[in-house]
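Chain order of the listed sequences is A and B.
At position 21 of the first sequence (counting the first as 1) the number is 21 in the working numbering, and the numbers step up by one without a gap.
At position 337 of the second sequence (counting the first as 1) the number is 1337 in the working numbering, and the numbers step up by one without a gap.
Worth flagging that the hints you see were computed from the coordinates, not collected in a lab.
Some hints could be false.
Here are the simulated BS3-like cross-link-like pairs (lysine-lysine), alpha carbons at most 25 Å apart as the crow flies [said to hold, decoys possible]: (1) B:K1332 x A:K81; (2) A:K76 x B:K1514; (3) A:K266 x A:K377; (4) A:K76 x A:K263; (5) A:K76 x B:K1484; (6) A:K167 x A:K185; (7) B:K1414 x A:K76.
Derived list of chain B stretches under chain A, where covered just means 3 residues or more per stretch with a C-beta under 8 Å from a C-beta of chain A [claimed, not checked]: (8) 1113-1126; (9) 1263-1270.
Glycine included, every Cβ here is placed at the ideal spot set by N, Cα and C.
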Amino acid sequence: MLGKSKRLLVLPLHAIMAACLPIAAWATEWPLNMTEGVTSVSREIHGLHMQIFWWCVAIGVVVFGVMFYTIFAHRKSRGVKPAHFHENVTLELIWTIIPILILVVMAVPATKTLVHIYDTDDADLDILVTGYQWKWKYEYLDENGENISFFSLLSTPASQIQNTEEKSEHYLLEVDEPMYIPVNKKVRFLVTAADVIHSWWVPQLGVKRDAIPGYIHEAWTRVEQPGIFRGQCTELCGKDHGFMPVVVHAVEQAEFDTWLEGKRAKAREIAEAAKQTLSFQELYSRGEAVYTKNCAACHLPDGKGVAGAFPAIAGSPIATGPVRDHINRVVNGGVGMPPFGEQLTPVELAAVVTYQRNAFGNNMGDQIQPIDVVNFKQGQ
Amino acid sequence: MAHGPAHGLTRWLYTTNHKDIGTMYLWFSFAMFFLGGIFALIIRAELFEPGLQIVEPNFFNQMTTMHGLVMVFGAVMPAFVGLANWMVPMMIGAPDMALPRMNNLSFWILPFAFAMLASTLFMEGGAPNFGWTFYAPLSTTYAPASVTFFIFAVHIMGASSIMGAINIIATILNMRAPGMTLMKMPLFVWTWLITAYLLIAVMPVLAGVVTMMLMDIHFGTSFFDAAGGGDPVLFQHVFWFFGHPEVYIMILPAFGVVSAIIPTFARKPLFGYSSMVYATASIAILSFMVWAHHMFTVGMPFIGEWVFMIATMAIAVPTGVKVFNWVTTMYKGAMTFETPMLFSIAFVILFTIGGFSGLMLAIAPADFQYHDTYFVVAHFHYVLVPGAIFSITAAVYYWLPKWCGRMYDETLGKTHFWLAFIGLNLTFFPMHFSGLAGMPRRIPDYNPLFANWNMLSSIGSFLFGAAQVLFLYIIIRAIVSGRKATDQVWEGAHGLEWTVPSPAPYHTFTTPPKVD
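Please model the complete structure; the sequences and the hints are all you need to start from.
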């Protein structure tokens, strides 16, 4: 990475060099067009996009052609005398009817693609996609009730965002837990949100659906080849709207089954872990990690918060008040804070509450065990 | 009868003169243009490179929100009302606006509205940060406390716009000189008449939607809260029922401006006057039936999606008629290229490009890829900046000699044009590419894939900003020491406003002119 001023200097040079390089190199530095994607829908959309684009180019060539000819030929400095015509019914009819015909020609394939996009029937797999401030939750719906769910969070380290470390290739487009889907299967996404409106977008799948609290909307895809496909939230959803990417791994069915079984095993493990008792030191250090990953973005790493927007943890009435209220706030959220009860495991919840009550000068001295969290959630 | 203006501050506070009020509207909007421009440059400075350098994400969101609100409600709309105040009475041969005291009130509440809106930047929790479209529940349950001040400011702006619109309709329908039939009115007057009806129809809808927000926030209702039986999508329907006509409110008067300027410098009458009037009316009527094309990805039923797609595509027809008429007006004219004409020609070309991307966005399936990306940002800036802003700039150059009796410097004017033209295209053209490549809008940071286009955009935006500082200098220089203007000012100019002396006397047409 060059410094700001150097990048600026080499910019024109860049453009010239890039023009001489093969198209592929150019395209990564100066991407120009919409992706064709990897699904039939995304290819149809790309086709419509190019079709309407070329219509626009054709109309532009005619209109601007006449205009530039006029600007060149009919100027006073060339000694021309102005004409005086100001009406021509035939001409006006022609340029009303021709655009209508072009629009009809465009509307037919557009309608076909729209029908295709709306055909969400007969899915092989259903995934419930829930938008949260600022992460996605994916729940694989299972006929036998053995649903698997997990959260998918940005994995780009803060050091890259704050420019203290070089940015990786998939900067801001990488997550800790990607969504896995099998190739050549119709996957239906049931899209909703838990707080504000988000929008789930993967350009290469040609799928974009707004995630709206109170609604479950459908979208679908059938990916034809294995690969990793990246997208982002596309509806302003607050502070970290730019930091909640989508990553989809499309894999062969066998690999998908293995992955899903691994997830199920892990879920059983977490249920077991909730029964154990941890030492204060264990809770505190695990809590610190959980805090850094989930809480520090708003309440800041030093627990001081942001006045008027995000309350401080240090000395807060919740973190220094009754344990039950503290667990309640973290599990259920409130006053603009999202709920974490679903997103974090009982161990993580117990750890982070313990940490908050004993860090930043909050010397409460108490410790919360995973079983306390489990009991709280059951008692609700 | 003929008396001059009062002196000192009271002249401006108490004035009921349409020229004084027009001048105040124009200077106010120019100030807001710079304020909104500063917000835009903060955005572009942050986006110069990947990574967070200058502002925090929350402040970045405040900037995108305030930039949009200030430019739409503070810069573009008051500028057109200012032009209407100055020009409509002079174009129809009226001595003043029909309701001069209300005219004073509708201007003087605006500075308070914007002072209140700007003050939210210094409040605890910060300014509104939910985008100028303020979608609920981000703008209700999850909003900073300053949202209440934002709502009050929007109410005042809306009241001002409605009063301005009533005044313009009353003036045009009642105060035309004898013989000035409706179909003889200059197109600027026609487009403003239609715009005023749009304003009266939709500003109350905006007032309604912000009032529902106010109720949700403070009085326990759940209009937009799913948990209370409300509907976040309802917000979007109501907002865009206002919002789509609103974009035509910002462009129809611009059509009127270039329809005045192009015939003047082509020395040839406007081609297809009556089809221009009908096209403007068609666009206005269609604008009420296309709002949900802003919501193609919210999950409307298929038939809704399809109807809004077809209705939106239909708007291309009357809009195309307008562009063809302007080009045909130039055809076989005897053109010269003074600054107002340069801005008007750029308007036709660049607004058409914005129209093309609009046509692309109308294709609902393709919108699944375009929606809420930089492609949309490129689209609406191509219709608003070379559309509204360039036409306002052209109007200022065109009528400034009539307002202050002095000419601007033509060389400086042309320099301003080329700087603005290059700056604009450098800023907004690359956004088509970054959007198609997959960059969402309203994000403070992005993958390095989009870095080159963003850097170009940022460089362009600072060039465009610098060009506007030159504009301010050109205007001040013209007012202070410009060459004396003739009464007709432009060789090819026709219309009542050119029959009065330059500068226009404080009172004009106290005896109505005869129009044949």
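For this session: Check each numbered hint against the structure and report the violated ones by number, ascending.
Result: 2, 4 and 6
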